[in-house]
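Student: Generate the whole structure from the sequences, applying the supplied hints.
Order-wise, the sequence lines are chains D and C.
Per this note's numbering, the very first residue in the first sequence carries number 1; after that it's consecutive.
Per this note's numbering, the very first residue in the second sequence carries number 203; after that it's consecutive.
Just so you know, these hints were derived from the structure itself, not from any lab.
There could be a bad hint or two in this list.
As the list claims (entries may be wrong) - Calculated pairs, SDA-like style, for lysine to any residue (alpha carbon to alpha carbon, straight line, at most 25 Å):
no. : chain 1 : residue 1 : chain 2 : residue 2
1   : D       : Lys125    : C       : Pro211
2   : C       : Lys327    : D       : Leu127
3   : C       : Lys287    : D       : Asp59
4   : C       : Lys327    : D       : His122
Number of protein chains: 2
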Amino acid sequence: MMILRTSPPSPFGRKINIAAGVLGLSEQIRIERADTIDPADPVRQQNPLGKIPVLLLDDGTALYDSRVILEYLDHLAGGGRIIPKEPSARFAALRLQALADGILDAAILQVYEGRWRAVEIHEPKWLAHQSDKVSRALTALEADPPGLDAVPHVGQIATACALGYLDFRFDRAWRRVHSRLAAWLDQFESKIPAYAATRVAA
Amino acid sequence: MMILRTSPPSPFGRKINIAAGVLGLSEQIRIERADTIDPADPVRQQNPLGKIPVLLLDDGTALYDSRVILEYLDHLAGGGRIIPKEPSARFAALRLQALADGILDAAILQVYEGRWRAVEIHEPKWLAHQSDKVSRALTALEADPPGLDAVPHVGQIATACALGYLDFRFDRAWRRVHSRLAAWLDQFESKIPAYAATRVAA
Numbered sequence: 001m002m003i004l005r006t007s008p009p010s011p012f013g014r015k016i017n018i019a020a021g022v023l024g025l026s027e028q029i030r031i032e033r034a035d036t037i038d039p040a041d042p043v044r045q046q047n048p049l050g051k052i053p054v055l056l057l058d059d060g061t062a063l064y065d066s067r068v069i070l071e072y073l074d075h076l077a078g079g080g081r082i083i084p085k086e087p088s089a090r091f092a093a094l095r096l097q098a099l100a101d102g103i104l105d106a107a108i109l110q111v112y113e114g115r116w117r118a119v120e121i122h123e124p125k126w127l128a129h130q131s132d133k134v135s136r137a138l139t140a141l142e143a144d145p146p147g148l149d150a151v152p153h154v155g156q157i158a159t160a161c162a163l164g165y166l167d168f169r170f171d172r173a174w175r176r177v178h179s180r181l182a183a184w185l186d187q188f189e190s191k192i193p194a195y196a197a198t199r200v201a202a
Numbered sequence: 203m204m205i206l207r208t209s210p211p212s213p214f215g216r217k218i219n220i221a222a223g224v225l226g227l228s229e230q231i232r233i234e235r236a237d238t239i240d241p242a243d244p245v246r247q248q249n250p251l252g253k254i255p256v257l258l259l260d261d262g263t264a265l266y267d268s269r270v271i272l273e274y275l276d277h278l279a280g281g282g283r284i285i286p287k288e289p290s291a292r293f294a295a296l297r298l299q300a301l302a303d304g305i306l307d308a309a310i311l312q313v314y315e316g317r318w319r320a321v322e323i324h325e326p327k328w329l330a331h332q333s334d335k336v337s338r339a340l341t342a343l344e345a346d347p348p349g350l351d352a353v354p355h356v357g358q359i360a361t362a363c364a365l366g367y368l369d370f371r372f373d374r375a376w377r378r379v380h381s382r383l384a385a386w387l388d389q390f391e392s393k394i395p396a397y398a399a400t401r402v403a404a
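Tutor: What follows is the structure, given as structure tokens:
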């Protein structure tokens, strides 16, 4: 039995849970909650960066980060399931994954501004620099929404989790100006039960 | 001719230059400097996140981020050159790459504190949170330094670039307490000419 160290609100952990669901691997993974702020949590030994998700294999190996874990799950499921093998499809999926992960990084930095600093010293230029990244990425996705494969690939899974994180932390505001992308996410949710199953309340 | 949009101090861009060097692909890539702060730089169209490196292919496709570009270069070079195919070697290399990229992310956030905020409102807890990530990662690497394959893999390339960034931005201080890792980097430099060729002066 593998162990996934994560936390329910983690969008990167959510990618792993959804991938495990679509690959039929959920029964082989036990979820164990991690607290990345608690210095005593073993996550800092499992991943020196102290970040989640971390996947602990049966032999004790700890795998991270989320992209590496996703590729490992794809490998366990036979390969070519959530990461296409054909080069042009593969690199399109990997690029989309990088875009979605980048949305998350920029969104999380905005959330961390509130978590780590008093409101009167928030830096508007930094926050705008990050929110501009998210806006440009959403505009690009709205112009050309991802498809949805029968088994969603890592780019589609990451995009759904990035948009879900914006729903969770930014009050669903993005949906008002990105209606095609919102329709895409609704479609993802309707076809992939693991998406609704991993939603956390705002 | 492919075009690599990057900037000499970028440690993520340096990974691409070193990989192109060891794979014999440098002649197929023209370097074009990007300014990620200038809103008029086309990098924000090429990668909506506005981040470098971006690799522009002959057909106009823009590939990012650095991990995706590295995998693409490996593919161009026939596959299995800088990303091992054998699963246990592959996932060890990918995990090491994730660790080194995480060192860079945490180091860059410390540099950005100085670039984006007045010194009197720097947040010591945030800076310690990031520098602790770097320290733990260096301790783990010192205890078990990476090997050095005849053609270095993505984990080894990323580790060299992360340590080179610490040399560049943090005054080589890490070398005093991580002597085995410093010896490893010296070995990397002596065997991989592209490493010295891509060094920038502090």
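Student: Please go over all the hints and tell whether each is borne out by the structure.
Tutor: Each hint tested on the structure:
At roughly 22 Å between alpha-carbon atoms, Lys125 of chain D and Pro211 of chain C fall within 25 Å of each other, so this suggested pair holds. This hinted pair checks out: Lys327 of chain C and Leu127 of chain D have alpha carbons roughly 19 Å apart, not beyond 25 Å. Only pairs whose Cα atoms come within 25 Å are accepted, and Lys287 of chain C paired with Asp59 of chain D is accepted, the gap being roughly 20 Å. For a cut-off of 25 Å, the pair hint linking Lys327 of chain C to His122 of chain D stands: about 15 Å separates their Cα positions.
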